[in-house]
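Q: Sequence:
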Amino acid sequence: NAALAAGLPVAGVHVECPIINMRPVLGKLWSTAVAASKIGFSRSFGTGARIAPFATPVLRMCPAVCQSVNTVLPGVSMFTVQRRFMSSPNDIVHLGNLKDNEGARKIRRRIGRGIGSGRGKTAGRGHKGQRSRAGNHGLLGFEGGQTPIARRYPKRGFNNPHSWVSDYTAVNLPRILEFIEAGRIDPTKPITMKVLRDSGCASTHIKTGVKLLAGPRGGKDVKVTIPLQIEVSDASDKAEELVKAAGGSVSKLYYNRLGLRALLRPERFDVIPKRASPPPRLMWKYPFHADSIKPKAPVGKA
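Residue numbers (the numbering used here): 23 to 324.
Derived from the structure by calculation, the hints contain no laboratory data.
Glycine residues also receive a C-beta, built at the ideal position from the N, C-alpha and C atoms.
One should not assume that every hint holds.
[As the list claims (entries may be wrong)] Quick list of in silico lysine-lysine cross-link-like pairs, PhoX-like style, CA-CA up to 25 Å:
id : residue 1 : residue 2
1  : K229      : K245
2  : K177      : K143
3  : K274      : K307
4  : K266      : K216
5  : K296      : K229
6  : K211      : K233
7  : K296      : K211
8  : K260      : K216
9  : K177      : K233
10 : K296      : K233
11 : K242      : K266
12 : K245      : K266
13 : K307      : K216
14 : K150      : K128
15 : K307      : K260
16 : K245      : K233
17 : K211      : K274
18 : K296      : K307
19 : K233      : K307
20 : K143      : K121
21 : K229      : K177
22 : K216      : K296
23 : K296      : K274
24 : K229      : K307
25 : K296      : K260
26 : K274      : K216
27 : K211      : K266
28 : K307      : K266
29 : K211      : K245
30 : K260      : K211
[To be verified] Beta-carbon label-pair distances, calculated as ranges:
id : residue 1 : residue 2 : range
31 : D122      : A298      : 17 to 23 Å
32 : P209      : P288      : 19 to 25 Å
33 : I294      : K128      : 20 to 26 Å
34 : R279      : P209      : 26 to 32 Å
35 : A204      : K242      : 21 to 27 Å
Make the full structure from the sequences, and use the hints.
A: Next up, the structure:
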């Protein structure tokens, strides 16, 4: 009972609402109606107080509430309340009332606009000196004349030119064989890095490529019985030996970041880019790169 909850003496009116936990909403509705009865309907639904936006669906779904409103505001119909409420310009978001939240935009500080602003004359730079001049951005590492930190401490460590190897995603040969036995990889087709990624054999977060390993204990317990055609970025000597012993082949292909994205997610490209050549420092690792990117001749033609 919203009227009884608000402390209003309403005789012979019983308010029932099918909405659960609507007692606070009805309480606000009654408080607004009481205020409207005191200051007049024209002011309450005009420039003065009005029914809150969340009370409109309550009025529509609860006819008993409309009857209660008529008790407090005689002569006010349900249609009048809804019409006056929906006609309020603040109820609908449009370009006229669209704005940022409070504090979302900060007014910038305007300097050099007179002494009355507190930032005039020298505009907060003080008198003379290096920091008051235009174009003074400071020298990188300059500490006012004392020995900078880059010279106070000695060098330590070194740069590994082959650090890119550590970014490879490792895949063991026994794991590939398990996926083949489970039917998740087709051994009759070339096993590329995309196949390894889509089947779940390799991680979905492949940074620079995939390296094929022989497995634990140097691959002593691994036996390859079917010929496999594996295309990866790198492979260990033992893994290549095991695959080639069964009549298969291991191709080491170089992919830069763009080429790797095109290989793993070709649906994101309208035109698949041509595979890039390895840098000079890696040419020794991919000696057959030029042959691997040559277009294949059509079947039946020389």
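Q: Which numbered hints turn out to be false for this structure?
A: Numbers 1, 2, 9, 14, 20, 21, 25, 31, 33, in rising order.
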